Amino acid sequence: MDFKKVAVLALTLVLVASFSLCTSKSNDNNDVQLKSSEYLVHFGNQSQILTLRSDVLDTVSVDLVNTSDKDIKNTYFNNSALAYIDYDPSLPNNEGGVSVMDLKVKLITFNSYYYYDKNYKPHNIASLISNEENDTYIQLMIYGNESNPLNLKLNATELNIVKNSNKTTVFEVRKTNNTATITKVGFNHYLIEGNSLEELDKAESRLLIALVGNVNNSATA
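Per our numbering, the very first residue in the sequence shown carries number -7; after that it's consecutive.
If you are wondering where the hints come from, they were derived from the structure by calculation, not from laboratory data. Be aware that a few hints might be false.
In the DSSO-like style, the derived pairs of lysine-lysine whose C-alpha atoms are separated by at most 27 Å in a straight line are [what the hints assert, rightly or not]:
1. Lys113 x Lys155
2. Lys155 x Lys65
3. Lys110 x Lys62
4. Lys65 x Lys113
5. Lys62 x Lys159
6. Lys110 x Lys167
7. Lys145 x Lys62
8. Lys27 x Lys155
9. Lys113 x Lys176
10. Lys155 x Lys167
11. Lys145 x Lys159
12. Lys167 x Lys65
13. Lys113 x Lys62
14. Lys176 x Lys27
15. Lys176 x Lys159
16. Lys145 x Lys110
17. Lys176 x Lys155
18. Lys113 x Lys159
19. Lys145 x Lys155
Derived DEER-like restraints, expressed as beta-carbon distance ranges [to be verified]:
20. Glu150 x Lys27: 25 to 35 Å
21. Lys145 x Asn37: 16 to 26 Å
22. Ser60 x Tyr108: 20 to 30 Å
23. Asn169 x Pro81: 19 to 29 Å
24. Asn137 x Asn71: 37 to 47 Å
25. Lys27 x Phe179: 35 to 45 Å
26. Asn187 x His34: 15 to 25 Å
27. Tyr107 x Asn58: 29 to 39 Å
28. Ser104 x Gln131: 12 to 22 Å
29. Thr128 x Leu26: 21 to 31 Å
None of the values given here were measured: they were computed from a predicted structure. We put the CB at the ideal spot given by N, CA and C, even for glycine.
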């Protein structure tokens, strides 16, 4: 088996296991002591601890351009049924690839909690993948059957139809020359960028907070 594929698979399993452990804690009160990278999320009467790749307080410095936490949350839950993660599959893990993988894992895991709260709705999740021949596919995970993803070969026209649908929220993750920034660049289209792994982690963490809470109401130890 290709070593690169084994490494990516292993990293994915570590992320899934880590997130599952960190979010399996339910608590009946708000007195739980959180670490600096933990955020308490409420899904109906269920409380879960979301472990971020950045400290919660560090995410406050993320620039929001043409958007807000409320806008991101409303767009995702009110206007779309598909989350499309757009990124460069060749981006090394230590330059931001792990941020993309973390975003995908957490969006999938969020789906399992949404039925506790009528204000949230589950999404199908799609992202780019490439094989050893550098052929590019769309990996589509259908809600409720995420363990059996579909690999779809789409041409540029078909891909643009998916990305530009008013039922799709696009999270485009890019390593750029900018510090951690989230920019709304079109209807249901958000650019998440940073100039390093640390900055991309901050931007991705702020995005997750926007989706399930409010950056100003977190509690840290």
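Okay, the hints, checked on the actual structure:
no., hint, in the structure
1, Lys113 x Lys155, "20 Å, holds"
2, Lys155 x Lys65, "18 Å, holds"
3, Lys110 x Lys62, "17 Å, holds"
4, Lys65 x Lys113, "11 Å, holds"
5, Lys62 x Lys159, "18 Å, holds"
6, Lys110 x Lys167, "35 Å, violated"
7, Lys145 x Lys62, "34 Å, violated"
8, Lys27 x Lys155, "37 Å, violated"
9, Lys113 x Lys176, "21 Å, holds"
10, Lys155 x Lys167, "20 Å, holds"
11, Lys145 x Lys159, "20 Å, holds"
12, Lys167 x Lys65, "23 Å, holds"
13, Lys113 x Lys62, "16 Å, holds"
14, Lys176 x Lys27, "30 Å, violated"
15, Lys176 x Lys159, "16 Å, holds"
16, Lys145 x Lys110, "34 Å, violated"
17, Lys176 x Lys155, "14 Å, holds"
18, Lys113 x Lys159, "13 Å, holds"
19, Lys145 x Lys155, "15 Å, holds"
20, Glu150 x Lys27: 25 to 35 Å, "43 Å, violated"
21, Lys145 x Asn37: 16 to 26 Å, "43 Å, violated"
22, Ser60 x Tyr108: 20 to 30 Å, "25 Å, holds"
23, Asn169 x Pro81: 19 to 29 Å, "21 Å, holds"
24, Asn137 x Asn71: 37 to 47 Å, "23 Å, violated"
25, Lys27 x Phe179: 35 to 45 Å, "37 Å, holds"
26, Asn187 x His34: 15 to 25 Å, "34 Å, violated"
27, Tyr107 x Asn58: 29 to 39 Å, "32 Å, holds"
28, Ser104 x Gln131: 12 to 22 Å, "19 Å, holds"
29, Thr128 x Leu26: 21 to 31 Å, "39 Å, violated"
Violation of the numbered hints given earlier is confined to hints 6, 7, 8, 14, 16, 20, 21, 24, 26, 29; the remaining hints are satisfied by the structure.
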